[in-house]
Amino acid sequence: MYVRLFSAVWLLLCAGLAIIAWGFQAPFAYDPVGPRAYPLLLLALMSAGSLWLLFKPGVLQQQLHLPSAKRAVLCVLTLLAYVLTFEALGFVLSTALATFAMGLLFTGRLLPCAISGVLMGVLLYGLFDLVLDVPLPLGLFEAFVES
Amino acid sequence: METLHFLLQGFDVATRPNNLLVALFGAFVGTIVGLLPGLGPINGVALLLPLAFAFGLPPETALILLAAVYLGCEYGGRISAILLNVPGDAAAVMTTLDGYPLARQGKAGIALSLSAVSSFTGSIIATCGVVLFAPLLAKWAVAFGPAEYFVLMIFAIACLGGMVGDKPVKTLMAALIGLALATVGVDSTTGVYRFTFGSVSLSDGIQFIIVVIGFFSVSEILVMLENTHSGQKAVKASGRLLFNFKEFCATFWTMIRSSLAGFVIGTLPGAGATIASAMTYMTEKRLAGSGGKFGEGDLRGLAAPEAANNASACGSLIPMLTLGVPGSGTTAVMIGALSLYNITPGPLLFEQQPDVVWGLIASLFIGNVILLVMNIPLVGLFSRMLSVPNWVLVPAISVISMVGVYAVHSTTFDLVLMIGLGVFGYILRKLDFPLSAVILGFVLGELMEDNLRRALSISAGELGILWQSPISLCLWALAALMLALPGLRWWRARNKARLAHA
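Here the protein sequences line up with chains U and C, keeping their order.
At position 136 of the first sequence the residue is numbered 136 (my numbering), and the sequence of numbers has no breaks.
At position 443 of the second sequence the residue is numbered 443 (my numbering), and the sequence of numbers has no breaks.
Bound-form chain C, shown alone (with noise of 0.2 Å):
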């Protein structure tokens, strides 16, 4: 009944004019990021985030933004993916499997209004989900003390290995990369400068949008120019431009199933939609059976991932918003924007700003609304977005990541160190070490040594409390676990080969 309250105190203030508009601006240009191949939701939030900075939005504002920016690039994801056969999104790769052979067939029209519901359908029960259980995990969460928090970032850390697979080392690495760029700047118990090599400009750390930008945007334009691939055609969508009510029934269970897996997946930090969509693909792969025709244009191979993507992105926001620690990539820098606002997302947000995380819970309502009305007629307008050339769509990134960077500081040297940073993630980006793992730890860096240090201090240096309570210890062998899965897999894997020797 409570929560029913809050509810409505939230969707006061999303349905206030300057949000509802924001929330739109935000859906469209979302969509557009995301059916660019090569630019995805981090993308997309990293070049707003300094928009809705120099505009001096307030916080709701720009975290409604922020997260129809996210909403729309899972929508905009599957519109290149379906017409292209070119992900715009990492998370739209299961799309393209399904989703081009159906275009193919003269089926664009079907394929994209079709995804357009499965993203739909996805997004609210994930944001359901969101509603129900949000709260109670933010009470829960408010027992926690900063041994507990320190543990559970581990676990975060840990979860990023274990899940994404097949390089757990080098996920592991680029988590730890993200956490020693962290420590860079004054010690803020001790006022003692750490790595600033005397430079005044670093004295401050480094700033949180420099690194987004960097990593994201500039080493982007490196990996673009690799692949000028220029004159592909994209399918016309043509025919029946809506799903008929067979099809609807046909994949409605299988929308809801993806859902609710997708959701589940979301809500563990650390694994994003990427995994929710290939997993609910290869479930639903292997439920058809036989029947299905699975990889040449199967609809309930095109619904799986969408309402699976859609609903982990939505999912994500449930451990950003009640414990402060992201879920994704995209869930990180929204906690970084978050706290360039001066906002500690965690238990006690709920408490303390309840129109910020309300307002955003109900603007999710909206914003999947205007996505779900602006995507089906305007799939024409989205599509011939993708003609526009690299030629002047990668200087127009370069020039606003460059405003962007610039607003913070106005200054050259933020501007060299942006420049710096993106070479270096281009090259861990070359050497297979994945970012958004760098931007995890960069993120998770201060709140992680703050934790740590201030058990510490309460146990007056006694190494011991990190593991004494039953909330730690449960977390330090779930963390546990997560690291011993690539190991498992690989001794099964092995196994399995042994096996067919013999």
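Okay, chain U solo, but in the shape it has when bound (with noise of 0.2 Å):
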């Protein structure tokens, strides 16, 4: 059933590519190929595959099961408020609130998350950004560090 549906979207998303690539023209042919052809290709085959899965799916062990569903896309919204905050707040203060909620969804208790979310934050931005030289961004700690 999934998989019948996630063939279905690919369908239609492969045909709304080739419409896309249908437009790619080289304002000079280089090459007798040019741009167009290959990805054309691509989801030509594409398309066939989906149809193959449209009508012979096979059998799929997973089934959906809701409350880890819910789990999932808890955990996908904690990411992209980290990612979100990840130069706003600085490193430090959203990889602590990150690690720190992510903590939690993994079952950790309360107060041993709050340590190792701060712990991490710290430690992690002194490995990286002062030991290993990846420049990582303050945030909020950029006017304790010019003052």
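It should be emphasised that the hints constitute simulated quantities derived from the structure, not laboratory data.
We put the CB at the ideal spot given by N, CA and C, even for glycine.
Be a bit skeptical, because a hint or two may be false.
As the list claims (entries may be wrong) - Computed from the model, here is a short list of chain U residues facing chain C with C-beta under 7 Å:
| no. | residue |
| --- | --- |
| 1 | F24 |
| 2 | Y30 |
| 3 | P32 |
| 4 | P39 |
| 5 | L45 |
| 6 | G49 |
| 7 | S68 |
| 8 | E87 |
| 9 | F106 |
| 10 | L124 |
Stated by the list, open to error - When the alpha-carbon atoms are kept at most 30 Å apart in a straight line, the in silico DSS-like pairs for lysine-lysine are as follows:
| no. | chain 1 | residue 1 | chain 2 | residue 2 |
| --- | --- | --- | --- | --- |
| 11 | C | K285 | C | K246 |
| 12 | C | K285 | C | K167 |
| 13 | U | K70 | C | K167 |
| 14 | C | K496 | C | K285 |
| 15 | U | K56 | C | K285 |
| 16 | C | K496 | U | K56 |
| 17 | C | K293 | C | K246 |
| 18 | C | K496 | C | K167 |
If you follow the hints, you should be able to join the two separate chains into one complex; please do so.
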């Protein structure tokens, strides 16, 4: 069932992309193939595959399990929130908050998660920014460093 | 003789202090990543790749690091398989069958040390194979033109579909999705923007690191969310810690046989360690006949898959180094790593960058010795890693993934794209599409299009060039055979069922 749904969506997507790909035209012809043929070939093959799966989806062991799907959605939301606050709040704060929330999602207890969150925010910042030279955003802390 | 000379030169590179240090570090991290259930070699390589890049490691050192992690994972996967009955990575599934019963009988120490030696034997035999055959193949492959390359890549994808077995259509679809993802961005020959939807960040194409981390780390986090089973007790390794001479002799030929088989399977593009370990286990079981106690703790059942999966891990470096076509998901990631350094793997690599190639091969020998030495006495330490709870481990993995992606371009867009790809990967995974095929397709994508267009430029648009030379004809035939395999299997199964009915 889910495979059928996916194939149908994918088929529509392929059709949409094919319309976009039809417009790829080089101003000058550099090679006999051009930028359009290869993507269209791939899209055609993918549509064929989708059609096959639409008619013969096969057996799927996995079933949708509602509570775990809910948790997956929560997890994705947490990650998204983390990503979007990454630059605004700075690495240390956003990491501390995100690891705390993720810890709770993974059935950790309140206090240990809070401690591990703070530790991870500070220690990983030290490891990456100061030791390994990966520049990370400071965010809110910038004011302290400047002054 | 020439080979020996190059090998010595390689050892010269590999024994530089920083390269030795990196190999040691990679082996250690690899073992830990390998033993953590759910994290396999692709995750290990994907997590360390941005670090290697951010660190500014020279290409040969970065490659040594990644190879050490790859080997380490194959060593580490067996620890959780034996002690927990949970395979640390996909290739260790077969190890659980006899490893866990052995641990239950109080022979965990013997099982761990014997499997470490099997892993070592497998890797060493396969590395010798790499030394012998890789230069030959590279010399032969110089004759490959763009048309032959294009067909070779089709063969690699067909192999994937034919070998992965029960779901060829899904595997091929997954590879196509990867190929399609690779077309995003500016077209290198004509400068036309494709599928960028007006976004500046996409005009350069989707960065390789973002795809790998999205597909493997983020989707893995979501999968781990489902089975947060904690409190599973690891069997304590007690009693005799080392196997004795008799046990070694009983498994010696198994190791040799499985290593050779694993090496051959590993060199086929597309067929990886998982298939090798399953096939050798089945073969050994059949060879042992009724005398074996397979499934209840037979030492041969432990030695066979371990030797085979390490051998195939090393063997899969051959197509990667000589042809530039990955033999497994992990080597696909390594090819991506090389292209970050502007090195295109292929037959010319042996002439142009002998330091990189032979340094890598020599470091495989060194890495294996390090791993063997590390694995026998430190098994206690590693098995303690299994008790790190998920609520610490998973957030840490997600933070490291974020940093890895952020280090490339320092934009939020990349991070959002990573999560989007992760969710997509999770959905694909739930629907039984193999993700390693997507990565393989993504890596091959650009090469494949370039070679196709170059070939057709040479022939001025004549399609015939794709099947004119004997090499490409041969490859087409092999690809067709590979694609026919699942159909053949299905047909045989149906016939058998019909016979059973009659």
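Going through the hints against the structure:
Because the smallest distance between the Cβ of F24 of chain U and any Cβ of chain C comes to about 5 Å, under 7 Å, the interface hint for this residue holds. Given hint, Y30 of chain U at the interface with chain C, holds; its Cβ is 5 Å from that chain's nearest Cβ, closer than 7 Å. Satisfaction of the interface hint for P32 of chain U is found here, the shortest Cβ-Cβ separation to chain C being roughly 3 Å, below the 7 Å cut-off. With a least beta-carbon distance of about 5 Å to chain C, the hint placing P39 of chain U at the interface is held under the 7 Å criterion.
Because the smallest distance between the Cβ of L45 of chain U and any Cβ of chain C comes to about 6 Å, under 7 Å, the interface hint for this residue holds. The criterion of a C-beta within 7 Å of any C-beta in chain C is met by G49 of chain U, whose closest approach is roughly 4 Å, and the hint holds. For S68 of chain U, the interface hint holds, since its Cβ comes within 7 Å of a Cβ in chain C; the closest pair sits about 5 Å apart. Interface hint at E87 of chain U: satisfied, since its Cβ lies 6 Å from the closest Cβ of chain C, which is below the 7 Å cut-off.
A hinted interface residue such as F106 of chain U counts as satisfied when its beta carbon comes closer than 7 Å to some beta carbon of chain C; here the least separation is about 4 Å, so the hint holds. For L124 of chain U, the suggested interface contact is upheld, since its CB lies about 6 Å from the closest CB of chain C, less than 7 Å. Proposed proximity of K285 of chain C and K246 of chain C is supported: the alpha carbons are some 20 Å apart, at most 30 Å. Restraint check: the Cα-Cα separation between K285 of chain C and K167 of chain C comes to about 26 Å, which is no more than 30 Å; the hinted pair holds.
For the given pair, K70 of chain U sits about 29 Å from K167 of chain C by alpha-carbon distance, which is consistent with the 30 Å threshold. Under the criterion of a C-alpha separation no larger than 30 Å, the hint pairing K496 of chain C with K285 of chain C is consistent with the structure, at around 22 Å. Only pairs whose Cα atoms come within 30 Å are accepted, and K56 of chain U paired with K285 of chain C is rejected, the gap being roughly 35 Å. Distance check on the hinted pair: K496 of chain C and K56 of chain U sit about 22 Å apart at the alpha-carbon level, within 30 Å; holds.
With a C-alpha separation of about 17 Å, the suggested pairing of K293 of chain C with K246 of chain C holds against the 30 Å cut-off. With a C-alpha separation of about 20 Å, the suggested pairing of K496 of chain C with K167 of chain C holds against the 30 Å cut-off.
In summary, the one numbered hint that this structure violates is 15.
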